[in-house]
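With these hints in hand, go ahead and build the complete structure from the sequences.
There are 2 protein chains.
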Amino acid sequence: AVFAEIEDRLSSAAPKRSQSLAGKRIVITAGPTHEPIDPVRYIANRSSGRQGYAIAGALARLGADVELISGPVSLETPRGVKRIDVETALEMEAAVNRTLPADVAILVAAVADWRAEASPRKIKKGETGGPPELNLTENPDILAGLATHDQRPALLIGFAAETDKVVGHAKAKLDRKGCDWIVANDVSGDVMGGTENSIHLITANGVESWEQMPKREVARRLAERIVDAIV
Amino acid sequence: AVFAEIEDRLSSAAPKRSQSLAGKRIVITAGPTHEPIDPVRYIANRSSGRQGYAIAGALARLGADVELISGPVSLETPRGVKRIDVETALEMEAAVNRTLPADVAILVAAVADWRAEASPRKIKKGETGGPPELNLTENPDILAGLATHDQRPALLIGFAAETDKVVGHAKAKLDRKGCDWIVANDVSGDVMGGTENSIHLITANGVESWEQMPKREVARRLAERIVDAIV
Numbered sequence: 008a009v010f011a012e013i014e015d016r017l018s019s020a021a022p023k024r025s026q027s028l029a030g031k032r033i034v035i036t037a038g039p040t041h042e043p044i045d046p047v048r049y050i051a052n053r054s055s056g057r058q059g060y061a062i063a064g065a066l067a068r069l070g071a072d073v074e075l076i077s078g079p080v081s082l083e084t085p086r087g088v089k090r091i092d093v094e095t096a097l098e099m100e101a102a103v104n105r106t107l108p109a110d111v112a113i114l115v116a117a118v119a120d121w122r123a124e125a126s127p128r129k130i131k132k133g134e135t136g137g138p139p140e141l142n143l144t145e146n147p148d149i150l151a152g153l154a155t156h157d158q159r160p161a162l163l164i165g166f167a168a169e170t171d172k173v174v175g176h177a178k179a180k181l182d183r184k185g186c187d188w189i190v191a192n193d194v195s196g197d198v199m200g201g202t203e204n205s206i207h208l209i210t211a212n213g214v215e216s217w218e219q220m221p222k223r224e225v226a227r228r229l230a231e232r233i234v235d236a237i238v
Numbered sequence: 008a009v010f011a012e013i014e015d016r017l018s019s020a021a022p023k024r025s026q027s028l029a030g031k032r033i034v035i036t037a038g039p040t041h042e043p044i045d046p047v048r049y050i051a052n053r054s055s056g057r058q059g060y061a062i063a064g065a066l067a068r069l070g071a072d073v074e075l076i077s078g079p080v081s082l083e084t085p086r087g088v089k090r091i092d093v094e095t096a097l098e099m100e101a102a103v104n105r106t107l108p109a110d111v112a113i114l115v116a117a118v119a120d121w122r123a124e125a126s127p128r129k130i131k132k133g134e135t136g137g138p139p140e141l142n143l144t145e146n147p148d149i150l151a152g153l154a155t156h157d158q159r160p161a162l163l164i165g166f167a168a169e170t171d172k173v174v175g176h177a178k179a180k181l182d183r184k185g186c187d188w189i190v191a192n193d194v195s196g197d198v199m200g201g202t203e204n205s206i207h208l209i210t211a212n213g214v215e216s217w218e219q220m221p222k223r224e225v226a227r228r229l230a231e232r233i234v235d236a237i238v
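Quick note, the sequences are listed as chains H and Y, same order.
Under the numbering used here, the first residue of the first sequence is numbered 8, with each subsequent residue one higher.
Under the numbering used here, the first residue of the second sequence is numbered 8, with each subsequent residue one higher.
It is worth saying that the hints were derived from the structure and are not from the lab.
Accuracy of the hints is not assured; some may be wrong.
The list treats identical chains as one, so a pair stands whether inside a single copy or across any two.
Unchecked claim - Result set (DMTMM-like, lysine to aspartate or glutamate): computed pairs, CA atoms no more than 20 Å apart in a straight line:
id, residue 1, residue 2
1, K132, E169
2, K129, E169
3, K132, D110
4, K132, E203
5, K178, D148
6, K132, E231
7, K132, D193
Set out below in structure tokens:
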């Protein structure tokens, strides 16, 4: 983390390198969402937010105007990034929509698929004569929603964490969601929350499989691909 | 945090002050538990772990042999404390039982009351034709279990986070659980995860209500009371 920080400072202190994304508006989601059950309990997805934060930082270093819509995480905001904190999927969707129009949207967050009908006060053990029924409701699909939005970003990128049939599931997700790229993350080796990722980039042109590498390096490579695609 | 660290170092560098808890074995639980729904989803309680960690640190500074059984949190282990990381309520219960015998047990953790029947693979949205049923099961009550354990600690302290009828609920909890003290935390002002707590200490002798104060100060006062009770 110290080296990363030094590197960030050196690169922002150096004479402007490539500012190839100057003037481009990019929205990124990162982290989990927390869906309240009552004032003290919630449902969540495991997600450290590290990959999304690294991508936000990499794009800001290339001069992009980056808005990072973040679920609850314990991470510092990357330099030059505007961060908006949210807790639930509904809040995340609303925050993403408020950032439009944008040139690129990258949905890295591990959004909870379901939310519970939250009780306004703490459910007491025993008061319901056994475990409560949670009455789950499906959350909005933020990626699919952007794909059909009248302000759809020109480049719309989704993430998929998969434990099996990684490329097959990711290709199906690309078609189903109507986005441009899927970054498929093979989490079968329990890399979630770790510092490295094993990535397949799925586009209309096919599949690129990257060797396992640090999340910061995944972020740099993805930023390069985005420059190639939109500049 | 910097001042707290300086203070800790000064006090541990200073000529031994009161080591009044030397030789006493104390087990403390802290933080939330995470109950998996599948490899990426879980149910949790809101808890930063800060109050439990502060108590562990305060007791270690008085010379106690402290074992801290911690759910998932983003905190550094206080100096001189032995920390054991767990994720679920069942793991926390097993870890607590392995630390016995102990002179004092302080159960600060916000243990999830229920666990789900976890799926070994990621539940796909849509595969169940709607939100899944979670099949919740009640988790063991670690505090009540210790109260009737044949190695029951001589001083058994529970915590209660309450939003209403704080003292009444806490007194009822003291009787129901069979513990010696309840530290009742009034969370109606949304102090959970913050740096201050508003405490009522419930014992067989009655109720002491403390003004709202930093969690570190709550820890110091509670440590003093423990010294008075067992030394």
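Hint by hint, here is what the structure shows:
With identical chains, the CA atoms of K132 and E169 are at most 20 Å apart between copies only, with a shortest distance of 13 Å across copies and 35 Å within one. Taking CA atoms no more than 20 Å apart as the test, K129 paired with E169 passes between copies only; the shortest distance there is 8 Å, against 34 Å inside one copy. For a Cα distance limit of 20 Å, the shortest separation of K132 from D110 qualifies neither inside one copy, at 49 Å, nor across copies, at 29 Å. Proximity of K132 to E203 under the C-alpha cut-off of 20 Å is found in neither arrangement, the shortest distances being 40 Å within a copy and 26 Å between copies.
Taking the shortest alpha-carbon separations for K178 and D148, only the intra-copy value of 17 Å comes in at or below 20 Å, while the best inter-copy value is 46 Å. Within a single copy, K132 and E231 get their C-alpha atoms no closer than 52 Å, and across copies no closer than 32 Å, so neither meets the 20 Å cut-off. In the homo-oligomer, the alpha carbons of K132 and D193 lie at most 20 Å apart only across protomers (18 Å), although the nearest pairing inside one protomer, at 38 Å, exceeds that limit.
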